[in-house]
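Asks: The chain contents come next:
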Amino acid sequence: SNSGASDDSASASGVISADDCVDPDAATAEITDTLKVGWSAATSGPLADAVGNVIEGMEARFAVENEAGGIDGVDLEVIVKDDAFNPERAKANVGELIQSEGVDVLDTFGSGQLDAVADDQNDACVPLLFGQASVPAYRDIENFPWTTEYLPSADVEMEVVVEGLKEKYPDGATVALAENQTESGQGYADGFKKAVEGTDFEIVATEPLTDPNTAASALKASGAQILVDAGVTTDCLALTQAIGRVGWKPETVIQPSNCADGATLYEPAGEAADGQQILRWLKDPANEAFADDPAVTEYLEQSEANGADSPTNSYTVNGWAIADLMIDNFHRASESEDGLSRLSIMEAARTQDYQPPMFIDGITFQMSPTQAFGILAFQPYTWDAAAKTFVEAGEVIDISSNYE
Amino acid sequence: MELFLERLIIGLTNGSVYALLALALVVVFRGTGTLNFAQGELALFTTFIAWWLTTESFPVWIAIVAALLTGFVLGAMIERMLIRPVQRRNDMAVLIVALGLFTGLNSLAGVIWGSETKIMPSLFPNGLDDYVSLAGARLYYDALTVWGALIVLLVLMTLLFRHTKLGLHMRAVADNSESATLAGVRTSRILAVGWGLSGAIGALAGVLVTPLAAEQLGLTTMFHIFIAASAAALFGGLDSLVGAVVGGITIGVLEAMLTGYVSFIGGALQQTSALFIIVAILFVRPNGLFGTKRVVRV
Amino acid sequence: MHVTPGPSTDSPSVGDAGDALLRLRDVSIAFGGVKALDGVGLDVLPGQILGLIGPNGAGKTTLFNCITRIYQPDTGEIVWRGDDLLRIRPHHLAGLGIARTFQNLALFGGMSVFDNAMAGGTSQGRVGATSGMLAWPPARRRTNELRRRAWELLERLDLLEVAEAPAAGLPFGTLKRVELARALMARPSLLLLDEPAGGLTHSEVKDLGELIVSLRDDYGFAALLVEHHMGLVLGISDHVVALDFGQKIFEGSPEQVRDDPAVVAAYLGRAA
Amino acid sequence: MTTIDETTSMSNERSGTAAGKPRGPRFLIVQNSPRHRAVQAVLIALTVVALLWAAGQPTFRLGQFTNVFIIAIAVVGLNIVTGYTGLLSIGHSAFFGLGAYTTGILIVRYEFAPLATIPLAVLFAFVLGLLVGLPSLRIHGLYLALVTLAVAVSFPEIVRRAEELTGGAAGMVVRSRYLAPPEWTGLVRGERAIWMFWLSAAVLAIVMLLVRNLVKSRFGIAMRATRDNEIAAAANGVSIARTKILAFGISGAITGLAGSLFGMYIGALSPDGSFTLMKAIELVTGLVLGGIATQIGPLVGAFAVVFLPYWTASWAEGPLSGVVFGVLLIALVFLMPEGIVGRLGLLVRKVVAIVPSDHPRRTAASHDPPPEPPSPPGDEPLTASR
Amino acid sequence: MSLLHVEGLRAGYGSADVLHGIDLDVDAGEVVVVLGANGAGKTTTMRALAGLIGRRGTIELDGSPLSSRPERVVAGGISLVPQGRGTLGQLTVLDNLRVGAASRDDKAEIEADIERWAEVFPVLGRRSAQLAGSLSGGEQQMLAVARALMSRPRLLLCDEPSLGLAPIVVQELFATLARINETDGTALLIVEQNAELAMDLADRVYLLDVGTIAAAGTPAEFRSDDAVRSAYLGY
Ligand SMILES: Nc1ncnc2c1ncn2[C@@H]1O[C@H](COP(=O)(O)OP(=O)(O)OP(=O)(O)O)[C@@H](O)[C@H]1O
Ligand SMILES: Nc1ncnc2c1ncn2[C@@H]1O[C@H](COP(=O)(O)OP(=O)(O)OP(=O)(O)O)[C@@H](O)[C@H]1O
Ligand SMILES: CC(C)C[C@H](N)C(=O)O
Ligand SMILES: [Mg+2]
Ligand SMILES: [Mg+2]
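Residue numbers (our numbering), protein chains in the order written: chain A, 435 to 838; chain B, 55 to 352; chain C, 8 to 279; chain D, 421 to 806; chain E, 22 to 256.
Keep in mind that the hints are not guaranteed to be accurate.
Straight line, CA to CA, 27 Å or less: simulated DSSO-like cross-link-like pairs of lysine-lysine [said to hold, decoys possible]:
(1) B:Lys219 with B:Lys347
(2) A:Lys683 with A:Lys602
(3) A:Lys628 with A:Lys683
(4) A:Lys627 with A:Lys600
(5) B:Lys347 with C:Lys42
(6) B:Lys219 with E:Lys128
Calculated from the structure, these hints are not laboratory results. Owing to the predicted nature of the structure, the values given are computational and were not obtained by experimental measurement.
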């Protein structure tokens with residue numbers, strides 16, 4: 435909900451208060467020596483590579499920062515605990531990270547995991563910054579003052595998708611929706627349905643992605659002009675392959691932003707992936723177009739030098755960008771009157787307006803004490819199968835005006 | 055019509071995949087009297103080996119042969135080193151060993167090759183244009199290969215069990231291994247061969263399936279297939295080769311048709327509906343469609 | 008249906024079954040082409056020990072299985088104290104007073120000998136899950152009573168030493184006695200014994216025969232005894248029936264059996 | 421003819437202990453004797469001390485212990501059908517999930533107090549248990565396991581489908597303010613962890629006690645008889661149908677109770693989270709590791725399945741932890757195929773034997789050690805099935 | 022040199038020994054009977070010889086150590102008819118007999134042997150396609166004997182072969198065993214409660230008691246012992 439927070443959740447400084455915390459003193463205590471960022475994420479199982487890349491990206495960026503003197507002398511450290519994508523273990527991990535490792539900031543990967551830990555982490559007043567989830571629930575500042583999400587909320591993304599579609603199909607069109615049967619997929623699907631309400635777009639088929647082949651055949655039968663994939667990572671490739679095999683080539687195919695990696699998710703599908711559209715907010719280091727971008731060259735150099743072994747993977751870039759965002763917060767917190775503390779970090783996180791260098795120019799990450807905007811602008815891209823690369827398909831679309 | 059054929063083809067293809075793995079399960083069951091819960095992950099592991107060999111620029115067919123051999127050796131070794139020592143003592147313990155293998159093999163594949171999705175090349179042309187058109191529906195060659203492999207395997211295994219001494223001995227060991235040993239059957243070799251065979255069949259299933267599975271080759275590829283395959287094997291009667299094939303195909307087609315035509319069910323209840331139909335049929339035939347009823351006399 | 012609580016030596020028979028406790032008429036059953044039973048009829052009188060003999064595969068065990076409702080006869084009637092037994096479900100038989108032992112043992116291997124015996128008392132009163140869970144005192148009292156009986160029987164059958172041992176792993180002959188104890192827990196009016204002397208030495212068989220007779224005298228049950236050990240059958244039976252290929256080929260006193268040409272030809276061989 | 425020792429050889433050896441030279445247990449304790457009572461009292465005291473120690477641990481540990489207790493309750497439930505009645509279930513995740521979702525839905529949608537949801541959660545799981553038990557009358561062995569598999573697989577799919585009620589794939593979050601300890605406890609909201617710890621411990625203790633009674637009762641004997649030999653059980657008056665269905669019902673109810681507590685503990689329910697086939701497999705693993713058909717096996721097994729992955733994840737990084745976990749599982753089964761408690765039980769029984777107080781030779785027992793259970797149940801067939 | 026020479030045989034289940042040092046010999050072509058009370062360890066002895074359970078002590082066949090692997094024991098010429106039959110219930114009668122020939126490769130001879138035993142036990146011929154598990158107790162016992170003979174053993178171990186057989190069949194069985202012993206020279210080691218019949222056949226007799234050999238001698242010697250008579254012969 436973007437309805438804004440009520441005033442009483444703001445503290446004296448107008449942003450956030452530690453009064454409700456189990457241990458208010460801990461929240462305001464100054465952080466010295468090292469600032470620990472604790473992760474609970476699936477470093478084993480099918481998502482291990484993705485998670486590993488995010489963390490490598492973050493660690494590389496932190497290493498660079500530490501070399502440059504850290505946050506005013508405070509070193510950054512990452513502590514990772516495996517939750518195997520299991521909410522129970524995430525809950526236990528976060529408890530342990532807070533109580534036993536004494537972390538100052540948390541992060542998690544996946545909506546189910548975030549659900550399982552949010553209450554505990556809010557009660558303990560340990561900021562959970564840039565959670566890797568796209569469900570809208572954690573934009574609710576009143577209920578989750580100590581939690582922010584990194585990924586664009588699914589409804590925001592879908593709103594932008596529909597903006598783009600309106601331009602291409604001013605008189606509307608028919609849409610087929612493929613829905614991943616997880617929290618994340620359902621978030622996208624709900625977001626899309628909400629966004630097309632009152633427009634001329636008509637959803638003529640909705641199929642769950644349990645078996646991509648069956649789904650593809652049924653979606654094809656709808657004869658829709660547009661295919662929207664409310665999917666999660668590997669679904670994107672599977673769906674592309676499946677529609678290729680049933681011989682369906684919709685006019686427009688929209689992939690979710692979490693399917694940003696060309697090499698693993700588009701290239702293998704060959705011709706079938708050609709022309710698919712996606713919204714991006716990150717510069718793509720694998721894309722020739724960014725070869726001369728100073729941020730990208732620096733990123734490639736530094737990340738590789740600091741142990742990230744697949745720097746062009748989009749998850750690595752995400753990890754790096756999240757680290758950038760965190761560092762921005764930490765610096766501002768450290769420079770605040772209260773000095774570097776969990777509370778000041780959270781205050782900084784709630785008052786952020788920053789473009790990490792790896793964000794596409796014109797896209798910033800924004801937070802206000804009353805509204806959690808996050809990423810509100812995207813640049814559309816399409817996949818060029820022949821050139822095996824994404825190509826720009828338009829200007830940055832910014833919908834932040836809708837949220838003011 | 056086109057849609058129906060399309061669904062039918064998808065169902066048959068998915069079904070043959072289930073059937074292949076179900077055959078592997080039946081072979082172990084008929085040869086040793088146990089259900090191998092690690093069958094799917096074993097197949098996955100050997101498929102990863104095949105994939106890895108192709109990335110080392112071995113031809114696909116060599117990779118596949120190597121996978122089959124590895125499957126055989128791994129299967130036999132697992133039986134001898136891990137299953138047999140506990141089987142003598144406790145049946146439930148075998149289940150846990152298999153679960154340990156399940157986690158262990160899957161994670162090991164992750165350790166060695168990472169969790170990213172892999173693209174396993176196909177032995178046969180499998181481009182987007184390599185199909186024959188059936189009233190508008192596309193029948194791809196690689197799907198045909200799977201059907202073909204399934205039929206060949208079914209015939210071979212039937213011959214093995216019906217007409218060879220090895221097959222007779224496998225059935226004897228599965229029935230009562232102590233009694234078979236007493237008759238002079240080399241039980242330990244038979245057990246190892248049974249598991250080896252099923253390991254190889256599983257590997258075959260893996261290498262044929264992944265190129266045409268939309269999900270490609272990832273750490274989770276085999277799980278759903280394994281669930282469906284065990285349902286298929288049980289549905290068919292657990293000790294019946296034909297049953298496994300009929301079971302696999304039935305589940306595949308049921309899934310495709312129910313999802314396609316029964317809008318209330320839709321894809322969301324795909325597995326549920328297929329499994330419950332099977333349970334309903336089990337009510338009528340508690341030993342599966344083709345299973346032999348165990349005679350229990352008092 | 009009615010439950011017979013105790014020994015029934017003196018219980019008068021009911022209905023039109025005359026004096027017979029159990030009456031079989033024209034019972035037939037076939038498996039595939041094999042006629043396991045072919046029009047068999049016989050009566051078991053209260054307190055009687057009826058020996059049932061016949062060559063292997065004659066249908067003796069099948070007859071037991073028909074009576075205990077494991078098999079459904081193709082034709083014929085089985086009447087228990089005037090009630091049609093074929094309408095009764097297997098687990099109600101014990102409550103009616105019919106208990107059996109099994110030819111090749113059917114014990115509860117994972118349970119102790121004592122618990123095996125206790126299982127035989129299942130028919131004695133309600134077996135409640137809730138009352139069991141709550142250790143409801145009235146239920147506990149009933150259980151304790153049964154336990155006392157179980158101990159008594161184990162002592163009587165010389166099983167006290169092994170009472171706490173799991174049934175699996177005990178010698179065959181011992182296990183046969185465990186089955187006997189279990190069957191007796193049901194306070195049967197009719198005991199079906201399928202080859203109880205299997206695997207026993209001569210003197211053990213003799214002791215077993217005496218035991219069966221003394222138990223019958225004390226508890227007053229009738230017994231249908233299947234046994235290939237002629238010494239035992241002829242020694243303790245009041246009456247003998249012989250089957251061959253599912254048909255009754257002889258019925259008479261133990262003394263007559265050895266001289267019956269049909270029995271000798273089909274079963275006894277050269278006069279033993 | 422060589423020697424015959426007249427006295428021994430001709431004596432009619434009857435007992436199974438005649439052969440071999442059984443080393444009977446060294447200590448005999450008569451049930452309900454002062455000595456037995458004393459041993460029990462000591463054990464209870466030790467348990468209480470252990471609980472008090474655990475309650476003093478940091479909150480996250482407390483949470484882990486709570487999780488262990490909850491899983492233990494679930495496994496105690498599973499033990500009833502799988503351990504004592506011999507029906508393998510890989511569908512208990514559904515009972516667990518039903519309990520959790522009942523509690524979640526009642527709190528979130530109908531504003532129930534958490535504790536007030538327990539009776540309904542148990543009731544629903546009981547009814548589902550009866551339903552799942554029905555097929556067991558016709559379908560046996562692994563085929564029955566397939567039925568339970570169908571239940572396990574369908575639960576998440578149905579939850580996703582019933583979106584209005586369950587929140588579908590997006591899950592359902594029970595905010596911690598709804599889960600605060602009840603007022604009468606005197607605990608405040610921040611002390612939810614300790615409240616859940618004691619609540620789960622108490623429920624576990626009660627459930628274990630009830631199940632202990634059940635297993636020792638005549639119904640318990642009927643369950644085990646059904647497990648060991650259905651035909652013989654029926655011949656002895658056991659109603660197979662009633663026993664199996666009721667066992668499934670009770671089992672489901674207990675696992676549903678665990679699920680209800682789990683809902684309160686985790687506060688976030690999603691169909692892909694803790695209620696999939698994986699959970700069912702975890703429960704079976706716990707049961708076998710702890711010791712099937714034993715009374716404290718479920719608790720020990722629950723410790724194993726909660727802490728083993730946690731420990732392996734701290735020794736080995738990433739996917740390697742999975743390999744270590746797999747190896748550990750196999751190693752445990754190799755060392756103790758009867759399960760941890762099963763194996764310990766065998767050892768303990770070599771030293772101590774509890775003699776029932778109504779054993780006719782109880783008084784003589786201390787002088788003349790009678791009943792040595794010779795060895796674990798072998799695989800010797802006791803039926804005529806071959 | 023005897024065909025089978027056993028010295029100091031110890032065996033048991035789990036940690037407890039059931040056999041405490043058995044000494045026993047069977048010469049080629051000899052018939053040896055073992056008597057013993059219920060639980061004396063007869064079955065355990067037979068299982069130990071067949072290699073089904075772990076054991077210590079000397080077991081020699083033709084002077085060289087006997088393998089402890091059951092299938093090698095069979096290949097070496099020793100075959101066991103186990104107590105309680107142990108047929109393969111889910112296989113047909115015919116397949117059971119075929120499995121019995123597992124250690125042989127002479128196809129034609131195997132078929133001839135199958136014919137032979139089907140003649141000796143006619144019911145097996147009639148029921149060759151029936152599943153063994155559905156046979157009556159006695160029928161299964163006959164199948165077990167026939168199956169053991171299918172390996173053409175030099176020494177046939179029989180654990181209570183007459184258990185559950187009708188008197189007439191017992192007589193036939195023993196007559197058959199005698200015939201096989203005579204014509205094929207198969208040595209027999211028989212555990213039997215039907216002591217009378219067995220002793221008619223026996224060259225020598227052992228008495229097993231509580232895991233040790235309590236006595237050994239000829240049938241005549243045993244018959245003249247009062248204690249033996251009352252315990253095992255019943256007169
Ligand atoms: N379930 C069954 N399926 C097929 N045939 C059966 C079945 N039960 C019994 N028979 C057949 O019926 C006949 C009678 O068997 P039954 O067991 O009653 O014999 P029996 O008189 O008890 O013999 P024994 O003295 O050897 O135990 C046998 O030929 C047997 O093969
Ligand atoms: N599987 C087993 N596990 C444990 N103990 C066993 C097992 N089998 C046999 N025993 C024990 O070994 C001893 C000897 O048994 P065995 O079967 O050799 O006796 P037997 O002389 O053949 O008697 P029977 O007349 O009953 O056949 C008995 O005390 C028995 O309890
Ligand atoms: C990184 C993604 C797999 C996370 C996913 N969008 C979620 O919300 O769970
Ligand atoms: Mg019989
Ligand atoms: Mg014996």
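Asks: Which hint numbers does the structure go against, in order from smallest to largest?
Replies: none
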